[in-house]
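S.K.: Chains as they are written, first to last, in the working numbering: chain U, 877 to 1222; chain F, 877 to 1222; chain L, 877 to 1222; chain H, 877 to 1222.
Take these hints with a grain of salt, some might be off.
Copies of one chain are not kept apart here, so a pair can be met inside one copy or by any two copies together.
[Stated by the list, open to error] Straight-line Cα separation of at most 25 Å, SDA-like style, residue types lysine to any residue; simulated pairs: (1) K902 <-> M877; (2) K916 <-> T1133; (3) K1102 <-> L1042; (4) K1156 <-> S1144.
Don't read these hints as lab results, they were simulated from the structure.
There are 4 protein chains.
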Amino acid sequence: MLKVAIVGASGYTGLELIRLLERHPKVVISCITSEQSAGKKISEIFPSLLGRCDLVLESLNPDSVAARADIIFTALPHQAAMVVVPDLLAAGRKVIDLSADYRLHDPAVYGAWYEPHKNPELLQEAVYGLPELRRDAIRPARLVANPGCYPTSVILGLKPLLQKKLIDVSTIIADSKSGVSGAGRSAKVDSLYCEVNNSFKAYSVGGIHRHTPEIEQELSVLAEQKVTITFTPHLLPMDRGIISTIYATPIARISSTELFELYTQTYSDEPFIRVLSSGKFPSTAFVRGSNFCDISITLDTRTNRIIVVTAIDNLVKGASGQAIQNMNLVSGFAETLGLEGLALFP
Amino acid sequence: MLKVAIVGASGYTGLELIRLLERHPKVVISCITSEQSAGKKISEIFPSLLGRCDLVLESLNPDSVAARADIIFTALPHQAAMVVVPDLLAAGRKVIDLSADYRLHDPAVYGAWYEPHKNPELLQEAVYGLPELRRDAIRPARLVANPGCYPTSVILGLKPLLQKKLIDVSTIIADSKSGVSGAGRSAKVDSLYCEVNNSFKAYSVGGIHRHTPEIEQELSVLAEQKVTITFTPHLLPMDRGIISTIYATPIARISSTELFELYTQTYSDEPFIRVLSSGKFPSTAFVRGSNFCDISITLDTRTNRIIVVTAIDNLVKGASGQAIQNMNLVSGFAETLGLEGLALFP
Amino acid sequence: MLKVAIVGASGYTGLELIRLLERHPKVVISCITSEQSAGKKISEIFPSLLGRCDLVLESLNPDSVAARADIIFTALPHQAAMVVVPDLLAAGRKVIDLSADYRLHDPAVYGAWYEPHKNPELLQEAVYGLPELRRDAIRPARLVANPGCYPTSVILGLKPLLQKKLIDVSTIIADSKSGVSGAGRSAKVDSLYCEVNNSFKAYSVGGIHRHTPEIEQELSVLAEQKVTITFTPHLLPMDRGIISTIYATPIARISSTELFELYTQTYSDEPFIRVLSSGKFPSTAFVRGSNFCDISITLDTRTNRIIVVTAIDNLVKGASGQAIQNMNLVSGFAETLGLEGLALFP
Amino acid sequence: MLKVAIVGASGYTGLELIRLLERHPKVVISCITSEQSAGKKISEIFPSLLGRCDLVLESLNPDSVAARADIIFTALPHQAAMVVVPDLLAAGRKVIDLSADYRLHDPAVYGAWYEPHKNPELLQEAVYGLPELRRDAIRPARLVANPGCYPTSVILGLKPLLQKKLIDVSTIIADSKSGVSGAGRSAKVDSLYCEVNNSFKAYSVGGIHRHTPEIEQELSVLAEQKVTITFTPHLLPMDRGIISTIYATPIARISSTELFELYTQTYSDEPFIRVLSSGKFPSTAFVRGSNFCDISITLDTRTNRIIVVTAIDNLVKGASGQAIQNMNLVSGFAETLGLEGLALFP
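Kindly generate the complete structure, drawing on both the sequences and the hints.
M.R.: Put into structure tokens, the structure is as follows:
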């Protein structure tokens, strides 16, 4: 059995890791940490785990964690992860980091959108862990930077078009909508039930959301040219789920049928990508709790504009599920192991 | 007191008319109709009205309705309205129609998106009832076509830019999100609680939603040229509210400050339009139950793209509130009468 | 115009006071305070108020407030209200206090359930402001203790039975369910959207909720004997609304018809109480945003048990609406003034 | 591999059976039926299943189904199940029926609460399938009557008290609250999103809900005397989950500690019952999607009343999960097989 540790286990991504790993046949959770709740059983915080995972949360001691785990998930806020990860790597452990700290390769870009990086030398080594983009680079990685939720939904939606150089990259607009769990579990007035329920709004409008450079980095790799996009996030009155509605103009004439074939072929071997048939559009409801990314591809013939819609569960394919997918790759397991769960609907 | 009738009162827009008109100081509801629920008190169907509006729903008899009302709201499905409206007009009454039947001026366009029109001659007479566009034409109108909910949210968002010819009209994308009440009160599996709750999805993707030609008709008037847009509606897990996130590329260099001033000046005298200050974005929560349309205007300087976000309550400014605003205009009342209510938050 | 001040205006009950008072024809809000948000416009915190109430929140200075207001609403947490209220009274102003600080007449009971009281001498003077119980005592009052939300829903449900001494008071069970706004607007993990949505639970089970002595005090007055009840609150995944399902065993044989007549007669002159006809049961949906209390009375003939169900909006009849009803009484206005709004449904 | 069929697979309990059975290591779904959707893939109706269960729904032919399945789940409305079940049994198959048709042993009681029974002779043979009550009787059963959702939540809550004869059975009140999925997937105005969202209400008040005789039958067996209860169901604005708050008066003095020990001991070997520690109360959030029943036991010392609170997911422990638990028993599998999933939270 592979021993894994979860650093920062008392948030929603930590809980989701536990929920999924509990049914993983080749993994045992050996250690979980939380500074705020050290000394408490995780099942006191999340009674869903009662009787099934009653581990006690520890205050983080990197050496102690490294001594008891083969692979470590770090589910900390950005800036906090980079304080811990180097020690865990130095102790010879593999790390799958769910924060934003190792996703950007260029320290200057990281510094411009976040704060100065404390260990910029790791930015080149870290592998951006989107298996559908670079499965082979992830397998041998020591440090996997698990992608952000919005970036996962946008990049997977555009990969086929960009790889084939079919669209004018200056026309890309990603209008994304996320459930509230993306904001984490900290006590903020903005995340209160009464503030969010029955409410929908845009935020960080105008290209200022921190996921923007992450999306652009990966789109640029796919397009083999610098890509700058308009990205507008919105907050949905629901727990989980992201829909990204992505617009782009084709460079040359292309038909709906050709687009559909491009998408089905590109993703034909992907276990977690489902391309919906013509006239069907993804719903967050049908991916909730699962690691699937559902995608539709449509051509608006009136305006000659391509519209890609993608749906993921931000806590699964957008965070913890993808982290386990990466763990499976790094560990030589079948990529889908422990991720077989279907969406909980209704 | 002005006597008003509501034809098709047992749906959500009918109820919303009653809720608002109950506090209107110059109006009395004299007659309400419903085919499905004829003979029942409206307060049996909607107990919120108990003790305050206990009128009995009647089966529609146009002559009888016309005899007892000065102004008639028709809140029927499209195709049903056009069967009734001519008789009501012929009886000398003014009609404010909340269906789609009289919004499009061109019978061919109506026929292409709906079915053939039964009284196309009225399409030229009917006034598209968006007061912020044509207040003066509404005042003397005999037949007001009350705008659709999505169109209201998109047209108000673009009016300042189009009037000043500041944007390339071929670049307009409206990504709109609506609450479930927009789908009405008929029993459909797709509108069941368990199908919608915790769920978000796009629908009618690719320029096929019937509000598209209505939006384009009015944008074309504003732009003084033919406008074709990409319009993508989405279904939100909440009762009321629409957010439209609208993208367009400016023709020439323009600054954020100039855009903000354009919007505040354009709408400075409008009682129901609120332009939010820089860095604030509209939320459906703060217009729910009110007749306001909240608007933000942002320039994404990285991509030189303008992003307008608008919020309305689809049942108020997007339907019944706007219908009352039109009634006020037609009747010579202060335009805001009966529409003073603030949003119910939380 | 009556000048009113709202002390503690940045919470949900403060906002609801403003929403309702904005449409009150005889009142002007002269002053609002908040320690946390002093210096900000209230419409920055609650954009629903934009353009309609843009008052600046002040830090509380009791003398300054008293100098500018005839009546003062104190919407502070318990223990904070009692620090302020004496000064406001001393300045010759009338106070309607929405906290729990002046609801209990017995300082020992207050001390046992809360903390020691700082001005116990006011507990005898304060009038428990449930108009349906003691309208005449409220009119001349200097200090009105506005009832709690749960107590309002339980006391109104039992008043007819207790006044007529029809039930065994030892059998009373109140199983109450409240929306989340009852927990206020402070940032707590327990009130986060993701913790509450899709979730329902009991809390303070076993007679430990602080509303228990308040309910019992008023039921004892009605019954003319000491009443002790089992009260179980629950948290509903919605913003507003309380349902109390109340059980009691009749002392003697009584029929459904007699019970229904008792309720309709008792409340026949009450403008805000609606007794539903047989077979209909209250829903929070139909009182949301309104000052109504809807009540059903049922006899379970199989077990000879009476079941009363009541519905209120906890922020209106359970707080701010009732406070305005009290203000109307104290000021000699029609009791329903400014409270004519119907529920917002859907 | 055990071959199973699902008759009536296009409803929520049918879907939940598929979701759970998909991860069951010893089962293959061989056949699914639906009259309304015959000829369609189940994954067209529920896209959550896409790529994982794309079986085509068939019109029901009992012989054909029996020929291809070892065990058959019937997930039909009451009255429809009894038309099919005898044929399936006659063909030598075992049936787990999720309808109400075989839960009541007395045909007269069934006739009084539903309609006359078509095969009353099966009522004695059918085993009421609550494993925590009669595991040994279920194992050899040919026909298992899977319990109702409300009854499961109430019976499990009272079993320890009744078996030990600790309470006055005439004092039992069950105040239950259920999510909307309990109403099924048929198109009804009452189940529309806009009717249910932001809404809470009691229904079938006064002992008229059809689950009442089912609850009383099983409580009477446990108590070894006839039990009649007051049962009040309520409708929650959420998809899944039931909380039952159950009140009863002890016959003799008993302490909180004794009650807690009674519950922990009674359920110590039950894999799906979790007794919460003192001061903790169940939430539907922590059982959602899982087969757990969480229980708290509290003594209100002020009124000497016992309060039991139970939480289940009505679609899992209240329907499909329990049906699989019964299938495991009938098939000689480990009782928990395929039911290891933890709740999806948030």
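S.K.: Each hint should be assessed against the structure and marked as holding or not.
M.R.: Status of each hint after checking the structure:
no. : hint            : verdict
1   : K902 <-> M877   : both (5 Å within a copy, 23 Å between copies)
2   : K916 <-> T1133  : between (56 Å within a copy, 23 Å between copies)
3   : K1102 <-> L1042 : within (15 Å within a copy, 28 Å between copies)
4   : K1156 <-> S1144 : within (18 Å within a copy, 43 Å between copies)
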